[in-house]
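As you go down the protein sequences, you meet chains A and B in turn. For the record, in the first sequence the residue sitting at position 80 is 80 according to the numbering used here, with numbers rising by one throughout. For the record, in the second sequence the residue sitting at position 16 is 16 according to the numbering used here, with numbers rising by one throughout.
Since the hints were made in silico from the structure, they are not lab data. You may find that some hints are simply not true.
Stated by the list, open to error - Simulated DEER-style distance windows between Cβ atoms:
id : chain 1 : residue 1 : chain 2 : residue 2 : range
1  : A       : Thr20     : B       : Gln42     : 16 to 26 Å
2  : B       : Met59     : A       : Leu95     : 14 to 24 Å
3  : B       : Lys3      : A       : Lys57     : 14 to 24 Å
4  : B       : Ser28     : A       : Lys83     : 13 to 23 Å
5  : B       : Gly15     : A       : Lys57     : 42 to 52 Å
6  : B       : Gly94     : A       : Gln41     : 21 to 31 Å
7  : B       : Glu66     : A       : Thr110    : 44 to 54 Å
8  : A       : Gln56     : B       : Gln45     : 18 to 28 Å
9  : A       : Thr20     : B       : Gly15     : 44 to 54 Å
10 : A       : Ser67     : B       : Asn19     : 23 to 33 Å
11 : B       : Glu14     : A       : Gly63     : 39 to 49 Å
Where is the CB? At the ideal position from N, CA and C, for every residue including glycine.
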Amino acid sequence: DGGITQSPKYLFRKEGQNVTLSCEQNLNHDAMYWYRQDPGQGLRLIYYSQIVNDFQKGDIAEGYSVSREKKESFPLTVTSAQKNPTAFYLCASSLSPSYEQYFGPGTRLTVT
Amino acid sequence: DAKTTQPPSMDCAEGRAANLPCNHSTISGNEYVYWYRQIHSQGPQYIIHGLKNNETNEMASLIITEDRKSSTLILPHATLRDTAVYYCIRRSRGANNLFFGTGTRLTVIP
Chain A
1 DGGITQSPKY LFRKEGQNVT LSCEQNLNHD AMYWYRQDPG QGLRLIYYSQ
51 IVNDFQKGDI AEGYSVSREK KESFPLTVTS AQKNPTAFYL CASSLSPSYE
101 QYFGPGTRLT VT
Chain B
1 DAKTTQPPSM DCAEGRAANL PCNHSTISGN EYVYWYRQIH SQGPQYIIHG
51 LKNNETNEMA SLIITEDRKS STLILPHATL RDTAVYYCIR RSRGANNLFF
101 GTGTRLTVIP
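Extracted from the complex, chain B is given alone in its bound form (with noise of 0.2 Å):
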């Protein structure tokens, strides 16, 4: 049980910004959310987490709400390797397991 809603999909237009949303209203105090990607046929790729802070590396930002029932992944400049399904993910420090739900597909169009 993934215990995050993400919307199917998205599409985005090149060099534009991607922001992808995901709600986890009923996330305990000890959960981070953890955000991941996988291109078809491949394994995920880790992007980005956070508990309380919004965060940023690299690859994108992370923006939680202060109340942290909901997130935003963004990538800033999005490429059409961006192309992918993106997994918003809940998980307490020390689990062992990663629920993917469904995801949400992001399509970059050219």
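Isolated chain A, as found in the complex (with noise of 0.2 Å):
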């Protein structure tokens, strides 16, 4: 059964801890993406990579990094420098940046 998967889908963390998110995808799509959800707003992107051992910033990458060492892989993780991390992250992937994306079920991570 092909898909994205992100786990877990629900994530508690203290404040000032690095948390690793995990998207992964069967699809085998070469690009993938990591977006950031805000309650009643929309997505807005963090990082995406069109190809393996390649990524780019988006328009909010301050505070997370990701790798892409894997085709399948593209983990995302939200560092202590990231000031607000409270959100639902949303991992997608897509054929080509041509082709139309497609998203897993998110990850809400909660850090106090």
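Reassemble the complex: the two chains are provided individually, in unrelated frames, and hints are given to aid placement.
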């Protein structure tokens, strides 16, 4: 069953701790993306990767880091430098940047 | 900046067609119109996209006006599971970002 998985669905962390969010896809898509959604707002692009071993900053990359060592995986680390980390994080992938993006179920991160 | 305008909310009776409008009067020639929907606390779901011609798939139909300044997403027989926020998005081919605005909250009523 092809798709995008994100784990865990809910994540709780103490302030000052780094946390890594998982995103895996078995769709053989080249491009992967990370977005953040705050209550009542649209999505904002954090990072994207068009191909393995390459990634680019999106609109709000400060306080985040990513890696793309494998085509299937695009983990996002929320560092302690991110001032407002509590949000709903969404991972997406597309066959290539020209194609539509498909989203995972999301991870809701709460930092206290 | 989403650069599309949608009504904030709409209701539709179950079994009837839901017609969701979107205004994108400043769309440029290389920009597609994409539609996604998001059910509460889930990831957005791709519905359909088009450039000039009307498009139809198993989920919906997309009607784009000849001047491309507006479009309508049609769900032919709305069900309760279609209750969601629907987003109309302009996107250039190859653009990495999807600018989600505030969308239209569609409520399907039994």
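Taking the hints in turn, this is what the structure says about them:
Taken as a hint, the range 16 to 26 Å holds for the pair threonine 20/A and glutamine 42/B, whose Cβ atoms sit roughly 22 Å apart. Here the CB-CB span from methionine 59/B to leucine 95/A is close to 19 Å, well matched to the stated 14 to 24 Å. The hint said 14 to 24 Å for the Cβ distance between lysine 3/B and lysine 57/A, and at roughly 22 Å that hint holds. Distance hint for serine 28/B and lysine 83/A: a CB-CB separation of about 35 Å, inconsistent with the stated range 13 to 23 Å.
For glycine 15/B and lysine 57/A, the Cβ-Cβ distance of about 46 Å falls inside the hinted range of 42 to 52 Å, so the restraint holds. Between glycine 94/B and glutamine 41/A, the C-beta spacing of about 25 Å keeps the proposed range 21 to 31 Å intact. In this structure, glutamate 66/B and threonine 110/A meet the distance hint of 44 to 54 Å, their C-beta atoms being roughly 48 Å apart. Our hint of 18 to 28 Å for glutamine 56/A and glutamine 45/B holds, since their Cβ atoms are close to 25 Å apart.
A C-beta distance of roughly 45 Å is found between threonine 20/A and glycine 15/B, which places it inside the suggested range of 44 to 54 Å. A hinted range of 23 to 33 Å for the beta carbons of serine 67/A and asparagine 19/B is inconsistent with their spacing of about 44 Å. Checked against the given bound of 39 to 49 Å, the beta carbons of glutamate 14/B and glycine 63/A, roughly 44 Å apart, stay inside it.
The earlier numbered hints that this structure contradicts are 4 and 10.
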